[in-house]
Amino acid sequence: MKYIFFFLFPFITFSQEKVILISYKAVYNTELPTTKNGFLYVSNNQKKTIYFTEKISKNKDDEDQEVDVTVRLNSGENQYNYFDYEKDTLFTKDDIFRESKIIKEKIPRLKWTLLEESKTIEDVTLNKATCYFRGRNYIAWYSTSTAIKSGPWKFQGLPGLIYQIYDETKRYNWFLQYVKVANYDFNSENLNFKNKETISIKEYANLKFNNNDELDSKILTKLPRGATIVNQKTFRTGFEIKFEWEEDLKED
Amino acid sequence: MGRRLKRRLNFHYAIVTVLLFQNLLCFSQTTISGSVKDDTNNLYSVSIILKDSLSKSIIAYTYSDDNGNYELKTNKLGKFNLVFTSLGYESKTISVVLTEEQKEIKTDVVLKDKSMDLDEVIIKADLPMTIKEDTISFKIKFYKRGNEQTVEDLLKTIPGININADGTIKIGNQEIEKLMVDGDDLFERGYKILSKNMPAYPIEEVELLKNYSNNRLLKGVEESDKVALNLKLDEKSKRIWFGNMETSIGNDSFYELKGNLMNFGKKNKYYFLTNLNSIGYDATGDIENLIRPFRMNEPASIGDNQSVKSLLNLSLNNLNFKQSRTNFNNAELVSLNAILNPTEKLKIKTLGFFNWDETDFFRNSTDFVDVNGTNFTNTEDYQLQNDKRIAFGKLNVIYNISKTKMLEATTKYNDGDFNDTSNLLFNGNSTIENLQHQNTLFDQKISYTNKFKVKKVFLLIGRFIDEKTPQSYAINQFFYQDLFPSFNDANNVSQNSTNQMRFAGINAHLLDRKTNGHLLELQLGNEYRKDKLTTEFSLLEDNSVLNNPDGYQNKTNYQVNDLYLKSKYRLKIKDFGIVGKLDVHQLFNRLENNNASSNQNPFFINPSLGFDWKINDKNKITSSYSHNTTNAKVLDVFSNFVLTGFRSFSKGTGNFNQLDASSVVFNYQLGNWSDRFFANTFILYSKNHDFFSTNTAIEQNFTQAEKILIKDREFISVNSKLDYYFKFIASNLKVDLGYTKSEFKNIVNNSNLRLVTSNNYNYGLELRSGFKGIFNYHIGTKWTTTEIETTINNSFTDNVSFLDLSFVFNKKFDIQVQSERYYFGNLQTDNTYYFLDFDARYKLIENKLTLGLTGKNLFNTERFRSFSISDIGSATTEYRLLPRFVLLKLEYRF
Chain A
275 MKYIFFFLFP FITFSQEKVI LISYKAVYNT ELPTTKNGFL YVSNNQKKTI
325 YFTEKISKNK DDEDQEVDVT VRLNSGENQY NYFDYEKDTL FTKDDIFRES
375 KIIKEKIPRL KWTLLEESKT IEDVTLNKAT CYFRGRNYIA WYSTSTAIKS
425 GPWKFQGLPG LIYQIYDETK RYNWFLQYVK VANYDFNSEN LNFKNKETIS
475 IKEYANLKFN NNDELDSKIL TKLPRGATIV NQKTFRTGFE IKFEWEEDLK
525 ED
Chain B
53 MGRRLKRRLN FHYAIVTVLL FQNLLCFSQT TISGSVKDDT NNLYSVSIIL
103 KDSLSKSIIA YTYSDDNGNY ELKTNKLGKF NLVFTSLGYE SKTISVVLTE
153 EQKEIKTDVV LKDKSMDLDE VIIKADLPMT IKEDTISFKI KFYKRGNEQT
203 VEDLLKTIPG ININADGTIK IGNQEIEKLM VDGDDLFERG YKILSKNMPA
253 YPIEEVELLK NYSNNRLLKG VEESDKVALN LKLDEKSKRI WFGNMETSIG
303 NDSFYELKGN LMNFGKKNKY YFLTNLNSIG YDATGDIENL IRPFRMNEPA
353 SIGDNQSVKS LLNLSLNNLN FKQSRTNFNN AELVSLNAIL NPTEKLKIKT
403 LGFFNWDETD FFRNSTDFVD VNGTNFTNTE DYQLQNDKRI AFGKLNVIYN
453 ISKTKMLEAT TKYNDGDFND TSNLLFNGNS TIENLQHQNT LFDQKISYTN
503 KFKVKKVFLL IGRFIDEKTP QSYAINQFFY QDLFPSFNDA NNVSQNSTNQ
553 MRFAGINAHL LDRKTNGHLL ELQLGNEYRK DKLTTEFSLL EDNSVLNNPD
603 GYQNKTNYQV NDLYLKSKYR LKIKDFGIVG KLDVHQLFNR LENNNASSNQ
653 NPFFINPSLG FDWKINDKNK ITSSYSHNTT NAKVLDVFSN FVLTGFRSFS
703 KGTGNFNQLD ASSVVFNYQL GNWSDRFFAN TFILYSKNHD FFSTNTAIEQ
753 NFTQAEKILI KDREFISVNS KLDYYFKFIA SNLKVDLGYT KSEFKNIVNN
803 SNLRLVTSNN YNYGLELRSG FKGIFNYHIG TKWTTTEIET TINNSFTDNV
853 SFLDLSFVFN KKFDIQVQSE RYYFGNLQTD NTYYFLDFDA RYKLIENKLT
903 LGLTGKNLFN TERFRSFSIS DIGSATTEYR LLPRFVLLKL EYRF
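Top line first, the protein sequences correspond to chains A and B.
Per our numbering, residue 275 is the first one in the first sequence, and the count goes up by one each step.
Per our numbering, residue 53 is the first one in the second sequence, and the count goes up by one each step.
Bound conformation, chain B alone (with noise of 0.2 Å):
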């Protein structure tokens, strides 16, 4: 065998012997073997490829070994090319025929030199993906698997992004935060209605932007870790209309009808969307963070949180339960969107939606009151109907004057018209209860942005805002016969108020990175804000006006000009982070009360400091000091009554006040959220210096309460989350604790300044399977107790228990299953409610057309009662329920 045959060019074949019986085994498999090697050595590691000698294809291959040898064994006849390559040698090919009858073919070959020509041997790759600083792009045709419909399903073959099955895109961990087209953004944080419903097709290229800011001269200097996605839009796609629609039917003409209409074009992007319902869902909430786009400590916000509250409100205060189950509504909502960009500096951006809403309500109370001798009774059937109509319109024009210089401005504009009434029987009084009241909102704000070095952006903000609430309210029963004994005749009262704001802010901002990762920020600017608070509340004999009773008409006018510095300063040491922030305020108070005039101008400082130490890979420790010095508002420096509810009245202090207050915050977590332990504790403590409390008079036909200014109290929470992985179930347990301690003084019918202490103390434990298989569940459980001491101590424990049922057949099919226990610990009888609802989903076709059946409140509850305590009594109040009802819901997507 290792006989040496002939050197060099030999091509022709060597035949060897035939063994009979190796003919046997393997019917007509064929060995070639041989020896490579150059004028005097064994060659190791040259390829020898069998190739068919017609289409080049490769049969078999080898590599030769330490001592020259190589074999192949193919069960392939016909004729074929052995081609020998090594580095550094030409390569040399034989034509070799195999044949049925030949099984051992040998060709032994000598390699000649060849010098090595291999540098510059550059390949440009036509790369996938992309990295230039923070933006990864990502070319979609190494991606795409061509069958992807929507853009959900294009961002799903990205590996790198991660869908959740309800639609939230995530990068790692982290959910984007917005997702753009082309640079355009329509739907901030309610990007799911175009990632689910846009075509794939479009799409030539996804970015990727890490440490992302809204304002893009920002990018760098401010401290952000946000990601947002972007889709760059193929140059030929022309203009494409797509979206989807959504029908559900159900018993009883529950009903509720979505749509989603998009057309997107390279320079123009328009969006509609509508929804129409009665299932108590409130459809604004899609688009609420449109209208008020949520984004905290960004740069340029000033006049944020300037509005104007509203003295009397007869929606429903909020309920420790799914609010949507007390919800009778009939929602329309029409949102017409759009983005244009006339020129390459410009693009102008358009939101606009009209809301008509109708609700119904339904509650019946009964609250006793025990405080200082005084006792009683009241009871309160009450419906009501709520009716009202929403247009609202935002402008967005963003100018880039050059690379390093941009100027933004909003415009927006609301009108809302409100109808409220309400049908009260009071103690067995037929009562009627009217509110009508508006809403006018004007908003433009304008803002200037220049990077003027590289790490160093200065910001100029002006805002101006006019807000005007008018309310009307009328009661057709006349309760306050106490009050004002003197008019026996009245049988009625109304109040009329008005209630305006103006705000104008400028605001210097100068944000500095330097050249150590700290930030320096500075602000300066003044903020002014005047309010103008009317009031006139009249008792009435049917439609005459009997009188205008002194000490419950307001006119007040409230200005506030605030002049301020602010600083804020990030060191950052290894693991250590601190923050430092001094706020120096100047202000120019001046008060009108009912023509009476007064001036203040308080000057104060709020500094607060805070640190971040990341000790190790397992504790975390952070914790912040501040102190706050804060303006009273107009609605606490107003000096006569007002009505705030059919039997209550209110009144500020007449004075200008400043509230002090400190807290610290101190947080501990133990390990990572991804361990199989991790617990977070967080303590917060906070003593107000000063507070508004009030001094009450109670009546059983009225209330009368009065700001007061009061020192000291004191407020502590403390709260505790475990978890805990439990391998063998394949669960995890949650078990959450919590205490809660807070006190405040008031004044109840002349009391003494009495302290109330209340005490809330939970505990919860929840365990959560993580089941490969199609079946996963959900249980939870949390009491709760409330503890009120005054005079009198009260306390409550209730209790809510929850079952969630998941069932995932497969891709097509799914049922989730929702069942709530609540339990009142202080109510006699009916102190404990279930509920059960399901959701059904079946595609038939994938990403066209689903099918779903939706059920809420199986069991059919009607009414749910809670209970309540306060510093006066307890309450016990008992809602009217949606009834049962089941949807049947057709999803189509063109």
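Bound-form chain A, shown alone (with noise of 0.2 Å):
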């Protein structure tokens, strides 16, 4: 046994290895607005990224604590990006219903639209960029002078490191708070999918939307006599509204 340990015990030491860390502000102007700190997590040679948010206790105290993503993630309790470009998967691990569930995709191609307007914040100088991305506009500032490709959530491809993105509405917006080296385990067990449940971008998109596809028309359809509403809205929401085959549907 003792033998086993000394084996092991420089192998976890070393996996450690020192990668970029990104720091965001989610901010969400939901239905009950909240801001997150975001950490974005960048291996060297940029072949694997995880992102996660962790929510922020009301007294601000620890924003800036530096938080143990292991820990994080054995509890379960988080929601994370994992980006592997060598095999173009990623792994997102969200809520459905109170449910936690692995969501297994290839890398979207986001298509981006690069804008000549820009603007300086702090003396860097950041350019516009537009893109499409399952059912919702998004805008983003980014600055061609650190060579991160990796975003905030499922956000990538762009030719820098984005400071701010944001969808037209404003609902969902992240801003970059900082940018420092810091230590993260690539190979740990919990970045290990092999015999992990995951379900396919479809299902996700099943399982969250279509029970609940018509629950607006539910809600409105149970209101009093006298109460309307005029304008309605669709009532997906998230970040994600409407998926790539819904597109072809709708183009059809």
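Be aware that one or more of the hints could be misleading.
Stated by the list, open to error - Straight line, CA to CA, 25 Å or less: simulated SDA-like cross-link-like pairs of lysine to any residue:
#1 B:K196 with A:L388
#2 B:K271 with A:R383
#3 B:K824 with A:N411
#4 B:K834 with B:N912
#5 A:K380 with A:K454
#6 B:K666 with B:Y720
#7 B:K108 with A:I413
#8 B:K520 with B:A461
#9 B:K184 with B:L139
#10 B:K244 with B:K834
#11 A:K310 with B:A461
#12 B:K262 with A:T304
#13 B:K128 with A:R383
#14 B:K864 with B:N845
#15 A:K454 with B:L139
#16 B:K125 with A:T304
#17 B:K196 with A:T308
Worth flagging that the hints you see were computed from the coordinates, not collected in a lab.
Take the two lone chains and join them into the complex the hints point to.
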């Protein structure tokens, strides 16, 4: 037994590699507005990245504390996006009706439109880019001086680090807070999805919205006499409200 | 291809063979490719950006692949820079010239190591939203699109805020409590006047306040799930005037004129409102929530339920359909409101309004009385004209002594003058009733709040109310010959009365939020109320008083002093909550009836226990039990008869009484409101151990009712509501089932104590669509069966159905159509009535000018008959309705 321990120990410590930690402030203007700290860990060769968000406690004290991701992942509470560029896969952990699921999909190819518009924040020139992704139009401000193609959540593929990104209605917003060097173990067992149950993005969409598609009309129809809603909204909520295959259907 | 070219510092172009036929396929597309490496390895994820050499705009970009290779394509020509950047390396720029001839450019680069200098890169983001405990602030500049006209438009751009078509503002599913401007609130729940009219430009920030408390010091201590919004004005913005005007003109001189005018500055805010109409609309409803803000379970409420009840009332009784249909009116209302902030610590709010109204009301009724061998039929042809004039003023001063102490004083004054005249044909006799009455109210309240610890608040409240309602009533007929046989010459009667109330109360209230979240409330108080009731009933011959008959004059002084200690504790363990209440009262009653006085000092305890249990996401139960003892009111204790209508006399018990009652409430909820299936069942059972009933003598021309105290009666009500959403027709079915059984005992015409049981059953169905298109419907029907059992049984079933159609053609144009059908089971003829109303709106200029067309009572139904039953017989009542009218509306916002 002892020998095995000795054998394992150096391996474990060694696996904690130096990586780049990029922190975002996620601002969600949802029905109950929240802000969250987002942490994006980028492996040195940028072949693996993980982004996860953490809820800020009300008393704002622990805002900048370094979070032990491994522990967070084990607790199963968090949502994260794990990119493996070598295998062209994206694993997303998300809660659907309070049940945690891991969604496996190919890395989405975001079709960024680069615009001429630019602005300066603290002496850094930011360029504007837009992108339509799964039902929302996003606006990003990025800097080409830092060659990081990953961003918060599922955003990636811009020619530089994203400083700000938000959807056109400003419901979801991410703001860069800091970039620094940190430790992270990309070889952790938590990121080995071989024996874990995963669902496809289609299954995810079905689970999340299909039962739910009529929610708006459902609520509407339960109102008492005299109560009316003239402008109806789509009641699909969340980041992703329309998927690729649904776009196809519409074009038909 | 994979061949290595020169290493490092190669700023020159690499020209590779031009393939002719590639040129043919893709016209002027140039491919730039190559590899990137450092001293030893191929580099992955190096960003390669092709920039215009002058404008620096990005033409194309890519990242190097696993083998360090890259490929870029462009169809632009000219001078460009190719920029290579990677973390941990120095970036490199290579200039390239793209010409039409060159179809492929190969550039291999080697990047130089550079230590990562990433620490301390911290960006101070100017966040559009900040959260500080329960306050969420939105900076408007991040949200506005620039075309917002009104506050409502502006709020719509903030994603978490939902605004219904009618202007109701909701956070999620919950309506906001108030909409403030710089912390000042002029409108309470009537905030739509503000949100729909105030221009958006002076607003800099919107604050969303969660767990909101009306008293700032109670925040976080009292139980609250309220939400409110606060608009913060731009420092620069000067005083601004804004408002709107709505005029409606219709046939037969029906009209309505509404106006709102506001002026908001940083320090002072003013609001003027006016409404003139003849379409049956009660405009005081618009400011009702300013006069008497409705606040449930609010600490510092003392004396809120103290008021004088009038003996006599000539206004119409409630109808089971829209009251505006029978209200022939001519109302004028003007209201002036202001908030002044003379210093940081002082806030003064004033509210005043004047209301003039002239209403007419027409009714024909036939009463069949059949009780204990007495039976007769009375017919009434009744025309009522009410004239009223009301002046109301309210002054509210808030002085913030310090961060934890606050003093608030509210003074109210009301002066009402009413003149009601009825023209009555009673069994063919022409009768004129005249009732002149006044209401004078003075109300002063002072409260002191001290948050002496973080989670502990002490309130001290004092209140004084003085209210008077003198009434002078005259009937130009003498129907009471049988009662006063010796007065053969009497030909008319009158009654003068004054009913005065004086209330003084003091209350000390402690709220203690424990560290575990439990809330303890203790109140110690003393409330004193003195009532003076004098009535003088006279028999007259023309203008001379013949007699003031004995037994029909009252001089009652009733004093109640209530010394109490109230305690309340709320305990929450996981999904289980318990609320326990214990109120201890020591009363000191004194009653003087016609110069005979007596005292009584009762002591009683009112306990109550409730729990709520969330079994799981789908099942919720709440239940409570309470025992209540209430003290008799002045209108229960006077000893002689008073006239309460043209043919009714009543009198109190002449004694002290306390009434005991117990009740149990149970509620079970299955599913959630937004689920496909949702059901809620509510059961209420109450038992009155003692209650007031009447011993009534009924004659054709008059009734005399005497209050008596009876033991034991029961009441049970069961109500179930079910909702089921049908996907395939996108409609929701609502089923509403109700059953109520109540019983009481009374004496009529010297009968024995008889038991009167009434059973009510109602069952209704509704179907409402949720289509995405322009059309939607809402259809429903409801049956109500009423059954009264005494010595005889009497029952009938009514049905009310409706069909509403909605057409929303686009944002500018919509039409709403409402139709109703009433069916009265017991009427032989004319038992079915149809109504049709519609409303069309067209926005000529968004947020500026709206045109509307409203039609009411399009079938021009002139009369409406309804049927009712009671323990002594049945009645058919016919009301005259406002005729068909169509209004053309013009709304202008400035």
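Structure-based check of each hint:
Under the criterion of a C-alpha separation no larger than 25 Å, the hint pairing B:K196 with A:L388 is consistent with the structure, at around 24 Å. About 49 Å separates the Cα atoms of B:K271 and A:R383, which puts this hinted pair outside 25 Å; it is violated. With a C-alpha separation of about 23 Å, the suggested pairing of B:K824 with A:N411 holds against the 25 Å cut-off. Between the alpha carbons of B:K834 and B:N912 the distance comes to roughly 24 Å, so the proposed pair stays at or under 25 Å and holds.
At roughly 28 Å between alpha-carbon atoms, A:K380 and A:K454 are farther apart than 25 Å, so this suggested pair is violated. A distance of roughly 10 Å separates the Cα atoms of B:K666 and B:Y720; the hinted pair therefore holds under the 25 Å criterion. With a C-alpha separation of about 20 Å, the suggested pairing of B:K108 with A:I413 holds against the 25 Å cut-off. At most 25 Å may separate the alpha-carbon atoms for a hinted pair to count; B:K520 and B:A461 meet this at roughly 22 Å.
Taking the CA atoms of B:K184 and B:L139, the gap is near 37 Å; set against the 25 Å cutoff, the hint is violated. For the suggested pair B:K244 and B:K834, the alpha carbons sit about 32 Å apart, so the restraint of at most 25 Å is broken. Distance restraint check for A:K310 and B:A461: the Cα-Cα separation of roughly 43 Å exceeds the 25 Å cut-off, and the hinted pair is therefore not satisfied. The hinted pair formed by B:K262 and A:T304 meets the criterion: a straight-line CA distance of about 14 Å does not exceed 25 Å.
Between B:K128 and A:R383 the CA atoms are separated by roughly 24 Å; this keeps the pair inside 25 Å, and the hint holds. With a CA separation close to 56 Å, the supplied pair B:K864 and B:N845 exceeds the 25 Å bound. Distance restraint check for A:K454 and B:L139: the Cα-Cα separation of roughly 12 Å lies within the 25 Å cut-off, and the hinted pair is therefore satisfied. For the proposed pair B:K125 and A:T304, the alpha carbon gap of about 41 Å is over 25 Å, so the pair is violated.
Taking the CA atoms of B:K196 and A:T308, the gap is about 20 Å. The hint holds against a cut of 25 Å.
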